[in-house]
Amino acid sequence: MLELKNVQTFYGNIQVLKDVNIDIREGEIITLIGANGAGKSTTLLSVSGIVPPRSGDIIFDGKSVTGKAPHDIVAMGISQVPEGRRIFPYLTVMENLDMGAFLRKDKRAVKKDMGHIFDLFPILAQRRHQAGGTLSGGEQQMLAISRALMARPRLLLLDEPSLGLAPIVTRRIFDIIKKVNLEDNTTIFLVEQNANFALKVAHRGYVMENGRIVLSDTGLNLLANENVKKAYLGG
Amino acid sequence: MDWEYFLELLLGGLTRGSIYALIALGYTMVYGIIELINFAHGEIYMIGAFTALIVASVLNYAGMNHVAVAILAMVAAIIYSCAYGFAIEKIAYKPLRNAPRLSALISAIGMSLFLQNYVLLAQTPDFLPFPSLIPDFDFWEPYAHIISSQEIAILATTVSVMILLTVMIKFTIIGKAMRATAQDRIMAALVGVDINRVISVTFVVGSATAAIGGVLIASHVGQINFYIGFIAGIKAFVAAVLGGIGSIPGAVLGSLVLGWTESFFTGYISSDYEDVFAFLFLVLILIFRPSGILGRSETQKV
Ligand SMILES: Nc1ncnc2c1ncn2[C@@H]1O[C@H](COP(=O)(O)OP(=O)(O)OP(=O)(O)O)[C@@H](O)[C@H]1O
Ligand SMILES: [Mg+2]
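Chains as they are written, first to last, in the working numbering: chain A, 1442 to 1676; chain B, 7 to 308.
Simulated from the structure, these hints should not be mistaken for lab results. All residues carry an ideal CB built from backbone N, CA and C; glycine is no exception. Each hint should be verified, as a subset may be incorrect.
[To be verified] Within a straight-line C-alpha distance of at most 27 Å, the following computed DSSO-like cross-link-like pairs (lysine-lysine) qualify:
id, chain 1, residue 1, chain 2, residue 2
1, B, Lys96, A, Lys1509
2, B, Lys176, A, Lys1552
3, A, Lys1552, A, Lys1446
[What the hints assert, rightly or not] Examples of chain B residues lying across from chain A (beta carbon under 10 Å, computed):
id, residue
4, Pro148
5, Gln189
6, Leu196
7, Arg203
[As the list claims (entries may be wrong)] Across the chosen pairs, the derived CB separations fall in these ranges:
id, chain 1, residue 1, chain 2, residue 2, range
8, B, Glu14, A, Lys1548, 47 to 55 Å
9, A, Gly1578, B, Ile240, 37 to 45 Å
10, B, Leu119, A, Gly1453, 29 to 37 Å
11, B, Met174, A, Asn1462, 43 to 51 Å
12, A, Phe1451, B, Ile293, 36 to 44 Å
13, A, Tyr1452, B, Ser206, 21 to 29 Å
14, A, Gly1578, B, Ser206, 33 to 41 Å
15, A, Lys1548, B, Ile169, 22 to 30 Å
16, A, Gln1567, B, Met174, 26 to 34 Å
Please work from the sequences and hints to get the whole structure.
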């Protein structure tokens, strides 16, 4: 469904992604792990067209998205929860969710989906008229994920959704990710520091070092891999 | 105390301030979205006034009815100014969007000078008489020294424009997209907002309000030349900074404060230094409260 072919991405003259190849099939949960600064966020930003690759190709559903504007890529069915949440601070919780559904025309279904979100995260329902910037970090993370779900994406890109969350909330978020994957058949591309969690929910994983993919295998095999254990699982 | 005189100054300042607000809105909206002071904005206002002058002269010559002339002149001014605003962004700012900020600022100043000189060459360096588009009604004559029917028309127009703009920004899709873009451009793109379109719409809307302001003042003052955009632009800019650049309510508030200050100062003290006030204000704000009355200290606005 999503294929990165020899992707090279630069910030100015600095090359960050070096010949990245990733292949994601419909319905999969794929995780990308790696140390700080490895290029994980850059990979997601390349897919979304925010930092387009300088060479190589990114193909979604058989169509190249390389060089397309970010809003056109969203329209094709790719949504992202970016690093740092990026809640619109002066829009209310409801307006933030509305923005998630910006390109959708089926307003009645949008309303229904918002109801689902509020069932999933009752705290957001309580805060619906509050400015996004006044939510706690964990609440903002829930809102960021909810906002992306409001687009009903076919491929959901998640950049460290568990960052700064209490373990119990992290588990909730991962449960929701699994649920969205199973029930809505949403394909998930998950970047995580929390490699332990991520490799457990993911079907397959990729390991990135210095902008290169150095390893890829099933989640379980990566969990058992000695090098991965040493580098990313704390022993 | 002479209350009638006070009331006259109060209403005069309100009218003046509301016109500054029409222009200040353009500065503040553009700044809110792309963090650029659009120095060519005053020229958009001036071009609006010139367009109205040309259209009104032709139609008046053709003997058309007064109301129709006023409406058509206004519509033509809006359309022309919007086209200029749209083109300026595409030509002078869009190519520099990822360049250092100073480049875009220099481009803005260049655009401003270019447009001034273009009108200077295409028209004339002299002041041209501008026809009064809004008639003085006889029945209002007894009160006209307090507030003229012209000023009432100006106030009514500016208040309507501001209400329309507020409704647009608060409740329409494009308004929501504008606010989201102002708060986080990258995230707006990630939810599917076409950023280029939002920026264009912002320039067009700002140009429309500037054109309306230009026509109203020109009709009130009775003469225009190629340079009117500079002084009006600076004053509106001061008003926007005073209120907090990037904030729409701030632009309106700053404009009213500036309008009243000028009105009372000239009314009670001296009319010689009227225009000095705006600059004095600018200096004081920059020293004591650079973020303005309603400004937020960081960069999130609209
Ligand atoms: N806007 C930018 N301009 C220049 N360099 C950047 C920019 N963003 C990221 N980089 C650099 O690109 C490299 C990869 O960054 P990236 O954010 O993709 O890493 P990451 O794997 O997501 O790291 P983390 O786990 O810390 O989030 C880093 O060396 C970083 O300094
Ligand atoms: Mg990152």
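Structure-based check of each hint:
1. With a C-alpha separation of about 19 Å, the suggested pair Lys96(B) and Lys1509(A) falls inside the 27 Å cut-off, and the hint holds.
2. For the proposed pair Lys176(B) and Lys1552(A), the alpha carbon gap of about 19 Å is at most 27 Å, so the pair holds.
3. Using a Cα cut-off of 27 Å, the hinted pair Lys1552(A) and Lys1446(A) is violated, with the two alpha carbons roughly 38 Å apart.
4. Because the beta carbon of Pro148(B) sits about 48 Å from the nearest beta carbon in chain A, more than 10 Å, this interface hint is broken.
5. Among the interface hints, the one on Gln189(B) holds; its C-beta lies about 5 Å from the nearest C-beta in chain A, closer than the 10 Å criterion.
6. With a least beta-carbon distance of about 5 Å to chain A, the hint placing Leu196(B) at the interface is held under the 10 Å criterion.
7. This hint holds: Arg203(B) has a C-beta 9 Å from the nearest C-beta of chain A, less than the 10 Å allowed.
8. Checked against the given bound of 47 to 55 Å, the beta carbons of Glu14(B) and Lys1548(A), roughly 51 Å apart, stay inside it.
9. At about 43 Å, the beta-carbon gap between Gly1578(A) and Ile240(B) stays in the expected band of 37 to 45 Å.
10. The hinted window of 29 to 37 Å between Leu119(B) and Gly1453(A) holds, with their beta carbons roughly 32 Å apart.
11. Between Met174(B) and Asn1462(A) the Cβ separation comes to about 47 Å, which falls inside the hinted range of 43 to 51 Å.
12. In this structure, Phe1451(A) and Ile293(B) meet the distance hint of 36 to 44 Å, their C-beta atoms being roughly 43 Å apart.
13. Checked against the hint of 21 to 29 Å, the pair Tyr1452(A) and Ser206(B) passes, with Cβ atoms roughly 27 Å apart.
14. Gly1578(A) and Ser206(B) have their C-beta atoms about 35 Å apart, which keeps the hinted 33 to 41 Å range intact.
15. Look at Lys1548(A) against Ile169(B): about 25 Å separates their beta carbons, and that is inside 22 to 30 Å.
16. The given range of 26 to 34 Å is respected by Gln1567(A) and Met174(B), whose C-beta atoms sit roughly 30 Å from each other.
Of the numbered hints given earlier, the model fails hints 3, 4; all others are met.
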